[in-house]
Amino acid sequence: MSRSVLISGASRGLGLATARELAARGYRVFAGVRASGALPADSGAGEVLLDVTSQSSVDEAVERVRREAGGIDVLINNAGLHAFGALESADEERFRELLEVNLLGAWRLTRAALPDMRTSGSGHILMVSSLSGLVGLPADGQYAASKFALEGMSESLALEVQRFGVRVTLLDAGPYDTDMLRRDESALHQLSSSRHGAAYEPLHRALLGQERSGEPPRNAAGIIASVVDDPPARLRIPIGPVAEQVFAGLEIDRGERARRIALQAASAGWWIRGEEPE
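If you use this note's numbering, the sequence shown corresponds to residues 1 to 278, in order.
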């Protein structure tokens with residue numbers, strides 16, 4: 001029987017490419033979209049209405065997969081928004097919306113999927129993060145805030161659920177070609193005319209020009225599908241050549257080993273080791 005995968009934000013970009021790749025590899029893919037008919041007919045996946053900002057929508061999507069596939073074997077939290085611009089010129093409503101989707105949306109969907117995974121003693125939760133969750137850059141503060149928070153949440157989650165046989169993987173993606181950044185480009189004029197935005201216009205324009213280039217989503221999707229095929233022991237996986245370079249520069253693997261050693265001696269080390277309290 002094919003393993004089931006639920007992926008959020010699958011109507012386009014990386015989410016769609018990943019849904020297609022996993023379906024081609026024989027997984028039963030449930031592709032979460034916000035609007036009926038948004039999933040291309042040739043995706044190979046089944047369309048599921050899913051708005052990660054709505055608890056009722058999340059519950060209905062998880063119940064749909066439970067009913068049709070017996071539960072979720074693999075959850076990919078991919079739904080995300082991007083907000084570009086200096087923090088001084090940020091719009092509060094947009095900032096809140098970004099956190100609602102990128103952080104709370106992932107938490108909401110994970111919380112709904114976890115009970116069945118715990119009961120079955122298996123499961124794999126993948127969080128699509130970004131190098132912006134490891135390094136903050138100019139004009140990227142809002143997005144970085146959401147991804148740094150996602151990274152921290154995922155670190156804690158991995159330690160909470162590993163004793164139940166559930167694995168968590170952070171996918172730290174480098175730049176890839178997506179309409180997310182092109183939508184940011186269309187908002188450049190609004191940025192420049194916003195409060196204090198004009199002062200940062202040279203920065204905004206220069207960085208948007210750099211962001212137009214990136215890996216095709218299908219390349220990143222292939223890496224993600226390989227992680228689903230063969231879940232790694234380590235928490236963080238670089239997605240793309242730029243991410244690999246950053247991982248090497250930051251010595252991510254070395255830092256993770258040190259973190260594991262420190263956690264074994266922590267006050268909750270017994271939980272992490274799968275033991276009972278003394």
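Hints should not be assumed to be uniformly reliable.
[Said to hold, decoys possible] For each label pair, taking beta carbons as the anchor points, the in silico distance ranges come out as: (1) Pro232 with Arg163: 34 to 42 Å; (2) Ala266 with Pro232: 29 to 37 Å; (3) Ala199 with Gln245: 30 to 38 Å; (4) Pro216 with Pro277: 45 to 53 Å; (5) Gly255 with Ser54: 20 to 28 Å; (6) Ile261 with Thr53: 20 to 28 Å; (7) Asp116 with Pro241: 12 to 20 Å; (8) Pro216 with Glu92: 44 to 52 Å; (9) Gly255 with Pro231: 15 to 23 Å; (10) Gln245 with Arg218: 17 to 25 Å; (11) Pro231 with Arg259: 33 to 41 Å; (12) Arg234 with Val135: 15 to 23 Å; (13) Ala258 with Pro40: 17 to 25 Å.
For the record, the hints were derived by calculation from the structure and aren't laboratory data.
Owing to the predicted nature of the structure, the values given are computational and were not obtained by experimental measurement.
Glycine is no exception: its CB is placed at the ideal position from the N, C-alpha and C atoms.
Status of each hint after checking the structure:
{"no.": "1", "hint": "Pro232 with Arg163: 34 to 42 Å", "verdict": "violated (18 Å)"}
{"no.": "2", "hint": "Ala266 with Pro232: 29 to 37 Å", "verdict": "violated (23 Å)"}
{"no.": "3", "hint": "Ala199 with Gln245: 30 to 38 Å", "verdict": "holds (32 Å)"}
{"no.": "4", "hint": "Pro216 with Pro277: 45 to 53 Å", "verdict": "holds (49 Å)"}
{"no.": "5", "hint": "Gly255 with Ser54: 20 to 28 Å", "verdict": "violated (36 Å)"}
{"no.": "6", "hint": "Ile261 with Thr53: 20 to 28 Å", "verdict": "violated (38 Å)"}
{"no.": "7", "hint": "Asp116 with Pro241: 12 to 20 Å", "verdict": "violated (36 Å)"}
{"no.": "8", "hint": "Pro216 with Glu92: 44 to 52 Å", "verdict": "violated (34 Å)"}
{"no.": "9", "hint": "Gly255 with Pro231: 15 to 23 Å", "verdict": "holds (20 Å)"}
{"no.": "10", "hint": "Gln245 with Arg218: 17 to 25 Å", "verdict": "holds (21 Å)"}
{"no.": "11", "hint": "Pro231 with Arg259: 33 to 41 Å", "verdict": "violated (19 Å)"}
{"no.": "12", "hint": "Arg234 with Val135: 15 to 23 Å", "verdict": "holds (19 Å)"}
{"no.": "13", "hint": "Ala258 with Pro40: 17 to 25 Å", "verdict": "violated (44 Å)"}
When held up to the earlier numbered hints, the structure conflicts with 1, 2, 5, 6, 7, 8, 11, 13 and fits the remainder.
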